[in-house]
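K.L.:
Top to bottom, those sequences are chains X and C.
Quick note on numbering: my numbering labels position 395 of the first sequence as 395, and the sequence is numbered without any gaps.
Quick note on numbering: my numbering labels position 66 of the second sequence as 993, and the sequence is numbered without any gaps.
Some clues are possibly wrong.
The calculated lysine to any residue pairs, modelled on SDA-like cross-linking and capped at a C-alpha distance of 20 Å, are [to be verified]:
| id | chain 1 | residue 1 | chain 2 | residue 2 |
| --- | --- | --- | --- | --- |
| 1 | C | Lys990 | X | Arg272 |
| 2 | C | Lys993 | X | Thr44 |
| 3 | C | Lys990 | X | Ala460 |
| 4 | C | Lys993 | X | Arg360 |
In silico negatives: residues of chain X with every beta carbon more than 10 Å from chain C [as the list claims (entries may be wrong)]:
| id | residue |
| --- | --- |
| 5 | Leu35 |
| 6 | Ala43 |
| 7 | Glu239 |
| 8 | His261 |
| 9 | Asn271 |
Rather than coming from a laboratory, the hints here were simulated on the basis of the structure.
All of these numbers come straight from a predicted model, not from anything done at the bench.
For every residue, glycine included, the Cβ atom is placed at its ideal position computed from N, Cα and C.
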Amino acid sequence: MSARDDPASRFAASLRRWLPTSARTRVFDPAHEELRARHIDSATGGFRAHVDLLALWLDCWRLALTSRSSRGAEQTPVAVRHNKSRLAPPHGGNRPSPERFARTNIMQTLLNEFRYAARALRASPGFTAIAVITLGIGIGINAAIFSVVDTFLFRDLQGIDQPDEIIWVMTRTEQMSLLLNQSFPNYLDLRETNQVFESMVAYGPASVGISREDGGADRMMVASTSDNFFEALGVDAAEGRMFTAAEVETEGAPAVMALSHDTWLSRFGGNRDLVGRTLDVNGVPVTLAGVADPEFLGIETMLGVEAYMPTTTIQQVSPGTSAVGTRRAGGFRVLGRLADGVSIGEAQQAMDVLAAELERDFPIDNEDLAIALLPEKQGRPDPSVGGGFAGIATVFMGMVGLVLAIACANVASIVLARSMGRDKEFAVRSAIGASRSRLFAQLASESLILGVSGGLVGVALAAWGTAGVRGIVAQWQIGIPLRLPISVDLRLALFSVALAMLSALVAGALPALRGVRTDLSAVLNEGGRGSSAGPARQRLRRLIVVGQVAVSVVLLIVAGLFIRSVQNARNADLGFRVDNHLLVNVDPGLVDYTGEPLSLWYDELLDRARALPAVRSAALTSSMPFGIRLGFSNIFAEGRDPEAALEFSPFFRVSPDYLETAQTRLLQGRDLTTADRADSVSVALVNEQMAKLYWPDEDPLGKRFSTTGDDGPWLEVVGVVENGKYMLIWEAPGPAVFTPFAQSVPGTATLLLHTEGNPLLAATEVRQLVAELDARVPMFDVRDGASFLQYGRALMGVRLASTLVTAFGLVGIALAAIGLYGVIAYSVSQRTREFGVRVAMGAATGSLMRLVLRQGLMWMLPGALLGLVAAFAVSRLVANLLVGTSPTDPIAYLGGGLVVVLIAIAASLVPALRAARVDPAEALRSE
Amino acid sequence: MNLPPITHLQFLILSQALTDELSGREMRERLAAHGVRRTLAAFYQLMSRLEESGLIEGRYVAKAIKGQSVRERRYAVTTAGQEAYEATCRFYRVQVDTRSQEARG
């Protein structure tokens, strides 16, 4: 957990928003920091920290409200006396003015109503508990999901100046829908020549190995930054300093780095002495200049950058990978801050002109260059797929909105039910002088109490829910540090509370009040049989149940579709199998291994890994499918039109035995062997789809293709393997290429081990093995095949969507079941006399039960049918999030319908049993 | 001679921070030793008013406690604060001297 991501800090941030502006920075902030220090120091936290914060918040309000009078406390004694005499009322005494008296009277009346309402609610604990829990669930689930959405879509970037002015400057390609990064030279030219941005910064993600004290090395995610990065964004140093002009502008200047605040705390224990000292990065001494401000959490919402280095330093510590001087290579994210008075449209026009100029000046590297501008918030969580999250967020917000609707309907329904039994109470109050407005005030007070209590439960549930989402994300392992700074959004919680109160009031209290008869004698004469206004209100309740069931059916069917998606994704033929495998990533390239030594190091690693007793087979690959390092290449077939080149095809460099280890089937030709060395003929395996696309009616073996252009160098196809999934679980079959590892050795690789028994048991031996070979080589992302699939990029999105949507569906149906149960139970209680007569006339127990069950099903049926029709429409909206599942999947529809029928039966069962057990003598006597 | 421009409490605060820059926590502890107890919010409101009137200067300093980062507000007396402190000292010194002279003669 990061320093500023603990529950107490999030709670403090929420409280802070609800203070007068002057009290926030002047009083609350320093006091909160002191409290925090005290809690950390004394290791008290949790509940105590929350209570202290709440007390501080209340005290801030007290001071804010009384600051005029308390200001005297810091004035000279003489001034205080003077002020007191000025403030004293001219007429003396304590008698309040008439206006103040009237105000006090209204407040007193309202207070009395609240007390009365609280007593009334306390007298019906069952009703109150159900209403509060129902509202709490609805509000909690909404607040939790909105908090996630808020983090991704609405919340400003922290720790930088004027975040609203920040714009992504990306490259648009014609071939792909993705937006791409910029090359560093293009960035420098755009920055130099444009007139529309006040400043432009660039950063590129890179990995470095940082030495530990025990001689080993850890891999660290760094951002290689342009010279003006911190200055233009307005990021300050919390410790030490950020980079000087000489360090960032001069080639060969002393290497420097700055740590993110979180990394400084988590990796280096917040050691201040480190600042100014040198750290060993990729074997190069690098001075730690400073630590970034704790508020600055980076630019990208989920990417946890651990350290920052100017490009001049990156060129020293990682000369082969910086790509600073290459115009053809992308790799740098570019952001601009719009100049005063310039709109994004005007900036786009200016960028179009500059892109055309860059293409004219560098036609080969900048062919078809187009610049796309995107406001920073629209590029979340990743500007490459900017805007993609908004669609998913809409679906999720829609679904939790439906859950809240069911919850509100439930509360309305039970408030209505309760009002039916309160005619006598209202009539008595009315008879002794209570006006309709007083009765309304009482019902409004009850709604307010229910709403606030439900809101508190909701906020607690939301805090638990957001922790759950953070837990799910923490399990994701996609090869880069992730962070998810979500916290409960108090604004939404308050909005939900207001909505819940309003719905309880409008749908429950108002109709209840309208039906209230204030004729005391008529009500008392009817005895306990309920009122004649009951049927109208009962009809309203049935209508509410129809709506609830309909919404639940929609939620259940959509949840069913997602569950089917996950099933399909799990059962999908990926083209490789890693059920009993260990995956280990190593990065010898970070510690100066290149060329022949690098190749020999990998050979040694592979030989020793194969010799481990638990290992059946072992192989090396530049990346696993779905891996973060997955490489892509254009493919030009020999003798074909270069215009028909395949763009961005997945490209793997694999060692011999990869096919056997990954259990990928070889369909034709031969596997790669140890004979495919750097000095032998360049060969490749292609997948079935590539063979089909390029050589549909020919034998692909012996055919040649190039990855650089239509004039070679050529790679000869020696084998064809089965198709697989490489980037997305739902992707259509696409071409892929596998070349010998030895013919182009990558600096970073994945060691894939097929093991006997539990793969993780082999991890210790592999760690030892790598340490023996060279302790400096960073080893990271060690995991078994199952977790690679479950928590890696392959399934994470579908799994999260499925988990959340299923939870929504289950909560929705549980709430609807409570609603249905309430209506049927009430109906049975109203018909006690009728059932008594039926039993007295000889009706069998079974027939009475069937009667009630049939009634439950009949009330559920219209809702279910309505829900089926609605689900048909709604499922189209989520069609593009489903994997191998049609939006009209009959199993999901049948399953959803069946669950609703079972729930209706379950909800009717208890009232049915009650009906069957009616004692006729008792029932008739009670009348 | 005019009355001093500051209260006794403000005088006490200025006297504590005259030589050393103190954190809010340290300042509160020193005030408590003189029997001055304020709630956290009241104390920082007091300090913010002193800052507003230019008598002291506050700044945040990051520090690590048990591996976690906290920011601490530290306070130092400004030149104006020092002048106000000295003016108050002078005022009382003059009063004491005058009374002593009157008593003597």
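K.L.:
Each of the hints needs a verdict: does it hold here or not?
P.N.:
Structure-based check of each hint:
| no. | hint | verdict |
| --- | --- | --- |
| 1 | Lys990/C - Arg272/X | 8 Å, holds |
| 2 | Lys993/C - Thr44/X | 13 Å, holds |
| 3 | Lys990/C - Ala460/X | 31 Å, violated |
| 4 | Lys993/C - Arg360/X | 58 Å, violated |
| 5 | Leu35 | 7 Å, violated |
| 6 | Ala43 | 8 Å, violated |
| 7 | Glu239 | 6 Å, violated |
| 8 | His261 | 6 Å, violated |
| 9 | Asn271 | 7 Å, violated |
Hint violations for this structure: numbers 3, 4, 5, 6, 7, 8, 9, all remaining hints satisfied.
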